[in-house]
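Could you build the full structure based on these sequences and the hints that come with them?
There are 2 protein chains.
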Amino acid sequence: MSFRLKMNRSAKKTDSNIVLALDLPSDQPQSLLSRSIRILEEAHSYVCGVKINRQLVLPLGLFNGVQKILSIAQDLELPTIMDCKINDVGHTNRTIAEYYYKAGFDAVTANPFVGWEQGLQPVFEVAKQMRRGVILLVYMSHKAAEEGYGQTIQNPKTEQLSPQYLTFAEKALSWNADGAVVGATYPEKIKEVYRILGENVPIYSPGVGVQGGGVEAPIKAGARYLIVGRTITLSENPAETVKRVRDAAKRCLK
Amino acid sequence: MSFRLKMNRSAKKTDSNIVLALDLPSDQPQSLLSRSIRILEEAHSYVCGVKINRQLVLPLGLFNGVQKILSIAQDLELPTIMDCKINDVGHTNRTIAEYYYKAGFDAVTANPFVGWEQGLQPVFEVAKQMRRGVILLVYMSHKAAEEGYGQTIQNPKTEQLSPQYLTFAEKALSWNADGAVVGATYPEKIKEVYRILGENVPIYSPGVGVQGGGVEAPIKAGARYLIVGRTITLSENPAETVKRVRDAAKRCLK
Numbered sequence: 001m002s003f004r005l006k007m008n009r010s011a012k013k014t015d016s017n018i019v020l021a022l023d024l025p026s027d028q029p030q031s032l033l034s035r036s037i038r039i040l041e042e043a044h045s046y047v048c049g050v051k052i053n054r055q056l057v058l059p060l061g062l063f064n065g066v067q068k069i070l071s072i073a074q075d076l077e078l079p080t081i082m083d084c085k086i087n088d089v090g091h092t093n094r095t096i097a098e099y100y101y102k103a104g105f106d107a108v109t110a111n112p113f114v115g116w117e118q119g120l121q122p123v124f125e126v127a128k129q130m131r132r133g134v135i136l137l138v139y140m141s142h143k144a145a146e147e148g149y150g151q152t153i154q155n156p157k158t159e160q161l162s163p164q165y166l167t168f169a170e171k172a173l174s175w176n177a178d179g180a181v182v183g184a185t186y187p188e189k190i191k192e193v194y195r196i197l198g199e200n201v202p203i204y205s206p207g208v209g210v211q212g213g214g215v216e217a218p219i220k221a222g223a224r225y226l227i228v229g230r231t232i233t234l235s236e237n238p239a240e241t242v243k244r245v246r247d248a249a250k251r252c253l254k
Numbered sequence: 001m002s003f004r005l006k007m008n009r010s011a012k013k014t015d016s017n018i019v020l021a022l023d024l025p026s027d028q029p030q031s032l033l034s035r036s037i038r039i040l041e042e043a044h045s046y047v048c049g050v051k052i053n054r055q056l057v058l059p060l061g062l063f064n065g066v067q068k069i070l071s072i073a074q075d076l077e078l079p080t081i082m083d084c085k086i087n088d089v090g091h092t093n094r095t096i097a098e099y100y101y102k103a104g105f106d107a108v109t110a111n112p113f114v115g116w117e118q119g120l121q122p123v124f125e126v127a128k129q130m131r132r133g134v135i136l137l138v139y140m141s142h143k144a145a146e147e148g149y150g151q152t153i154q155n156p157k158t159e160q161l162s163p164q165y166l167t168f169a170e171k172a173l174s175w176n177a178d179g180a181v182v183g184a185t186y187p188e189k190i191k192e193v194y195r196i197l198g199e200n201v202p203i204y205s206p207g208v209g210v211q212g213g214g215v216e217a218p219i220k221a222g223a224r225y226l227i228v229g230r231t232i233t234l235s236e237n238p239a240e241t242v243k244r245v246r247d248a249a250k251r252c253l254k
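Protein sequences, first through last, are from chains A and B. Read left to right, the first sequence gives residues 1 to 254 (the numbering used here). Read left to right, the second sequence gives residues 1 to 254 (the numbering used here).
Because the hints were derived from the structure by calculation, they are not lab data. These numbers come from a predicted model, not from an experiment. A couple of the hints might just be wrong.
Identical chains share a label here; the pair holds if one copy fits it or two copies do between them.
What the hints assert, rightly or not - BS3-like, lysine-lysine: derived pairs with alpha carbons at most 30 Å apart:
| no. | residue 1 | residue 2 |
| --- | --- | --- |
| 1 | K143 | K102 |
| 2 | K157 | K171 |
| 3 | K254 | K13 |
| 4 | K102 | K13 |
| 5 | K143 | K128 |
| 6 | K68 | K102 |
| 7 | K243 | K220 |
| 8 | K13 | K143 |
| 9 | K102 | K128 |
Set out below in structure tokens:
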């Protein structure tokens, strides 16, 4: 089953479009693994997928701690995304993707800024071989996203000017990516990207909650999945919080 | 001592401007640690620093295997660079840098494409607090570097067009980076970047050897350090190979 289909089925089954970002802060490293597992087990009924970042990979190790979380997510039938934002040269990109896929991740994120040849081509190749997913960054959720993702670039062929993120959306389409990341903090960008991608490449929207993004605006603009992290992981009652966000999102999806 | 000074002193002491990239292929994971240590011990007299990438971090773990290599590098008085190419949102970027610095790395690499506010500012802040280095990517060594690093962008204030990599070189200068990466495969770009950076920000040049870059062209164009990986690590006699590259580089530096 392709990653895209896996996400789709999981969203239907759980009746949720929320991806849980297990990005726990680093202040208590000794309890990172147990806290991550507890939050996942408490919140799992209300999420359709799990995203992990270097907040867990670096202190816990990929094949030690993180693999334990992946195995629990697999038991819960939740697809997993490694948010590694691949942006190196080809042979290193391939190695990074291979290790994450081998550890059990269903998808990785990657930065289209590095381009295709000797860039992301090897990542898409290994994804195809191993039947996993690649999600491309199109517009990130932070303030300075404007400096890079929002800059105006000149098309080398037509010499026409256009925003960087729209060229990234076009790459997501032509490279047949399994998802495109656009920050929930920029719903107007989601709308523009959705006009290019339609239902061909689902939009994943991070930055909901602590980073300032809402629930309604990104979904109305065309986001398929909301990525929610600290709002849930730092909450006193993760299950209650994620249920509230999931229910709010459900109302918008109708 | 600042990272920049540490590199400078090490280059003088070892009479070498070669940074050893310990990017071993993933085909024999069980012997990765021992092979890495053997190559480092054999080659150390002819290199001024060591660069590590996800080829080692993902299979070995940061605080298990990689820290053992860092501790050997420290005993050999060689500065260490984590080539993590940071390109996430600010709070994650800070966490990534903190973990690598805590493990013992003297510097990290980062992608200026993510911008300053809530982007790389937190990385430079934590580098300052912990007295470590930040090296920015300005033009990478692979073919598709042209798609991103080589694209033409419009200055948002002046509306003038300029190459992306020159704006990155200007960021390296104004953000007071400790180094700038420009691929050895593009000596003409090194020359242009050197015109902006001069002796203020040293240029690190990867892609020498297997990726097609030479030794003479990047140095003559202004590269201060050459990053050499597979040419050494895949060689039958790493010490002999690195000595040969070091000697060739020395002749060009005169």
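Against the structure, the hints:
| no. | hint | verdict |
| --- | --- | --- |
| 1 | K143 - K102 | between (34 Å within a copy, 27 Å between copies) |
| 2 | K157 - K171 | both (15 Å within a copy, 27 Å between copies) |
| 3 | K254 - K13 | within (16 Å within a copy, 68 Å between copies) |
| 4 | K102 - K13 | within (26 Å within a copy, 42 Å between copies) |
| 5 | K143 - K128 | between (34 Å within a copy, 22 Å between copies) |
| 6 | K68 - K102 | both (13 Å within a copy, 24 Å between copies) |
| 7 | K243 - K220 | within (19 Å within a copy, 61 Å between copies) |
| 8 | K13 - K143 | neither (35 Å within a copy, 43 Å between copies) |
| 9 | K102 - K128 | within (14 Å within a copy, 36 Å between copies) |
Consistency with the previously given hints fails for number 8 only.
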